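As given, the protein sequences belong to chains C and E, one line each in that order.
When the letters of the first sequence are read in order and numbered with the numbering used here, they come out as residues 5 to 542.
When the letters of the second sequence are read in order and numbered with the numbering used here, they come out as residues 2 to 298.
Be careful, since some hints might not be right.
Unchecked claim - No farther apart than 16 angstroms at their CA atoms in a straight line, the calculated lysine to aspartate or glutamate pairs in the EDC-like style are these:
| # | chain 1 | residue 1 | chain 2 | residue 2 |
| --- | --- | --- | --- | --- |
| 1 | C | Lys414 | E | Glu243 |
| 2 | C | Lys316 | C | Asp378 |
| 3 | E | Lys34 | E | Asp290 |
| 4 | E | Lys186 | E | Asp129 |
| 5 | C | Lys399 | E | Glu243 |
| 6 | C | Lys180 | C | Glu204 |
| 7 | C | Lys209 | C | Glu224 |
| 8 | C | Lys227 | C | Asp378 |
| 9 | C | Lys399 | E | Asp63 |
| 10 | C | Lys416 | E | Glu243 |
| 11 | C | Lys246 | C | Asp58 |
| 12 | C | Lys249 | C | Glu538 |
To be verified - Quick look at which bits of chain E chain C covers, simulated, 3 or more residues with Cβ under 8 angstroms:
| # | segment |
| --- | --- |
| 13 | 224–230 |
| 14 | 259–270 |
Hints are computed from structural coordinates only; laboratory data are not their basis.
Since the structure is predicted, the reported quantities are computational estimates derived from the model, not experimental observations.
Just so you know, even glycine gets a beta-carbon here, dropped at the ideal spot from N, CA and C.
This is what each chain is made of:
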Amino acid sequence: MNKKKLWSLALLLMLVLSTILAACSSDSSDGGKGEDKGGDSAEPKILVFGRGGDSVSLDPARATDGESFKVTQNVFETLLNFGDKDTTINEGLATKWEPSEDGLTYTFTLREGVKFHDGTDFNAEAVVKNFERWANGTEDQFPYYASMFGGFKGDEGHVIDSVTADGDYTVVFKLKRPQSPFLKNIAMSPFAIASPTAFEKFGDKFGDNPVGTGPFTFVEWKKNDSITIDKNADYWDKELPKLDKVIFRAIPDNSARLNALSTNEIDLADGINPSDTKTVTDNAKLQLFERPSMNVGYLGLTNTRPPFDNVKVRQAVNHAIDKQAIIDAFFNGGAEIAKNPMPSSISGYNDDIAGYDFNPEKAKALLKEAGFEDGFEMELWAMPVPRPYMPDGTKVAEVIQKNLADIGIKAKIVSYEWATYLEKTKNGEADAFMLGWTGDNGDADNFLYTLLDKDNIGSNNYSFYSNDKVHDILIAAQSEVDEDKRNELYAQAQEIIFEDAPWVPLAHSTPLLAGNADLVNFTPHPTGSDRLNEVDFK
Amino acid sequence: MSKLEPKSTNVAPQTDKVAGPWYEAWRSFKKSKIAVVGAGIVLFFIIVALIGPWIAPQGINDQVLANRLLKPSREFWLGTDDFGRDILSRIIHGARISLWVGFFSVIGSVVVGSILGIVAGYYGKWIDTIISRVFDIMLAFPSILLAIAVVSVLGPSLQNALIAIAIINVPNFGRLIRSKVLSIKEEEYITSAKAIGMQDIRILFSHILPNSMAPVIVQGTLAIATAIIEAAALGFLGLGAEAPLPEWGKMLADARVNFINAPWTMIFPGLAIMLTVLGFNLMGDGLRDALDPRMKS
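So that you can see chain E by itself, here it is in the shape it has in the complex:
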């Protein structure tokens, strides 16, 4: 019983502390104009992705071959592609695909990477050696090459592209968490938790994990940007989304043949990729400044 006493007093101030830094981070994030612009872009694309099917003027595969390669006009705001499909509609529908792949592949790599990273960092010894060497091996490959290899094994489809992107990002998160865990586990509050006989699982998930999340959030935001590019690259190579899905990278690839006589088929999907990626990068940079204690004045 007496054991519970110090613990509860230990927890109460901690929750206070947690609320504090988050609020402070939000305040410093707001101060950075560029970060807010980034967040705005991201928010815009998220809204587009959510309500896309209701606002798009056309479906994803409404082919009217008589209307092929029309210039942007009042009827087709961003022109039509070589199947006579409205490019604006396809980009709107494509937002859902790109963001979906971006979010879920990163969530996948964060979950797997965190578990492996925590285990490696906390237990050390041979487990650490094995996990770290596997990470090293994976990082030795150029990431897109590894993704291509994974997709070739699984077979080309959007879902497999997502899995491939998740896999190639695992070592990045794994290493990040491992290094964070290595420093946190030497902290006094962990030593005291151990001293009062707390179980490993509980130490890991209620103390170490929450305290190593800040860099993961930053890295995660930036990783979504990379994941979107990687998904587009796989789509461009014909290893991602299948026809007729309007994946942005695939739209770019399809436009290649016509880029001289119908540049709008290439420019607008390219712009969509660029803007989303830019948004996530700006937001990620802002988050890093906000969450990194060293950056505080």
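The shape of chain C in the complex, shown without the other chains:
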């Protein structure tokens, strides 16, 4: 009997051991990639990029989320590119661009000898076909096109009159009215040029079969897990890309992602908790990257819902929140206090605005004036996921809850799954909600008009703020070509917005990334979409 027991115990032990060993072996084959990267050029150089979520679509024209653009930015190219660290205009697929005197005609000269991954030639005709595809679409299909170019063919606000090919390598854009951010818009990731053969062939499935001209070609997409892209051997710049393969892996939890980086499972991690800064800098095998700040995290007050339809209440909330304490505690100090809806790095920022100081007494007085001497009850919505502009939404919400309690407002913290959260706030179901925005093109228009104009209620104006005067100024600024006059207009708009207090602007954060110490030439881009063609391993 005893012997039998011993045998079964031994068998059990063996089973357990083999399971553990099996688990280990798959681990080490994953982690072993780290060693493959050595100096030997025969070894493939693979970069594994860990990030917070999966892409939504790999058709850049259809996507609206940063995680999609992170990938498409490397598979596709735009006519113009942003600078490495800023949003200046540089050559992309177009080598020359000339606006006419009146700002109504733009002539682009295209790069020659470029081919799409499927062998189709890149030429003026391909560019025209891409713009025709978008212009004939719907809001549902191409939301970014609609919001950047004022609608679609036939719409009154549609900015682009025509796009025509003049010979093989010249494209002429004719506009209905001058649009000052036009070139910046053209450089945005959503307006990357796709292979006409491919999008005609795949139709709605193009998002799963992306074909562009970029330095990497699409290989495989395992939904909610990873996206693999390979080096494009026929890339027009023979020197690039340096890497052979890039794998984008979705790891939702910030700490788990950092952990994966320290165990060499991934080489680059997006979204590092500010509190983990020291963990990264203390580790000689890791390096810390700071993404230049071009975002705003805010507490939106739904302007149509009582009591936030009262400007005094909104101002009171603005005075009640201790932004500096929030930044010190939950951004590890790595953020700037926000007083305007756009970051100071963008031209047109109005630094003369004083901002609402932290002053609970004044807040109480304002509440009293508004007739809410005893405060009121409300729901405070907090985002469930870490965002670049808000590393820990629920904790910041807890501080805000306390700040509000101090002036007599009882807030209940509510959270939903991320997609539901966005949907419900878009419908105006929240009293107050935390949200933020990362700029796409570094233009003031991309913050003020996109987030606070009445035209964008139902898309990105989540607070339902509507002020006709602001609307007129913002539209005038869109058509104003003179830079100084334009900045003056934006300064005015910010003054009115400050008085109306549709939000509590909280912080402009500096998002953090961490990578292997032997990673070189990685420069995080302020828009959040990084070009990886120069990235290499030592």
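Please arrange chain E on chain C, whose structure you already have, making use of the hints.
Frame of chain C, contents of chain E only:
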């Protein structure tokens, strides 16, 4: 009239008998040192929960962001969390929440479970089939998953977490009582009660129920431990207590981000959960030994 005569003589010795076994159980419970330790821990936490608001050095949400993540010190015995709140105070206040959820969810499941179990066991036939199959279905789900589903339907709050935990524990008590009822109803005293024409309700509540309570008490004590863990799990997942309530599971979840640089934010709430659960488990084991007639020498 003559009917009353045998009944009263029947009752009198029974009350004697009831006093007997309880006293005996208490004596054998006292003998088990481990059980007494368990009971001591439970008693300690009950006292803390009762007088908590008066002994806690601070309130539950006294945020002083300048004091965030301080190590345990003379001023803050168990350190501070990332809002600069005193962890000791929050654990003391949290005891009330955890015990409250533990007790009341178990009482809820005992009441509902007993009624269903008695009905199923006593009447049998199709009623038994329906109730038992429903129990089977509920037990087929992993209990925490079922709790998550219930909370998702009701909406996350402490009260709904309590309801969810009560619901998922109903089949455990229901089955226990049903099996006990099945054996008791064959006993002679029940047959005689039926023979003298006693009503079903009275048989059920004055004879069957009291006689099937011993295992329920044991199971109940152990279930409080599970309920506390489940409440903490729901709190950890953000489906239980709402901020700023100092529910232990939620405290653990909040501490996750800082567990490397400020481990005390995680260790102490974790210890509190562990100790209470341990206390209830030890006490439950002791009660089982004391109340189970088969365990007696």
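Are there hints from earlier that the structure breaks, and if so, what are their numbers? 6, 8, 11 and 13
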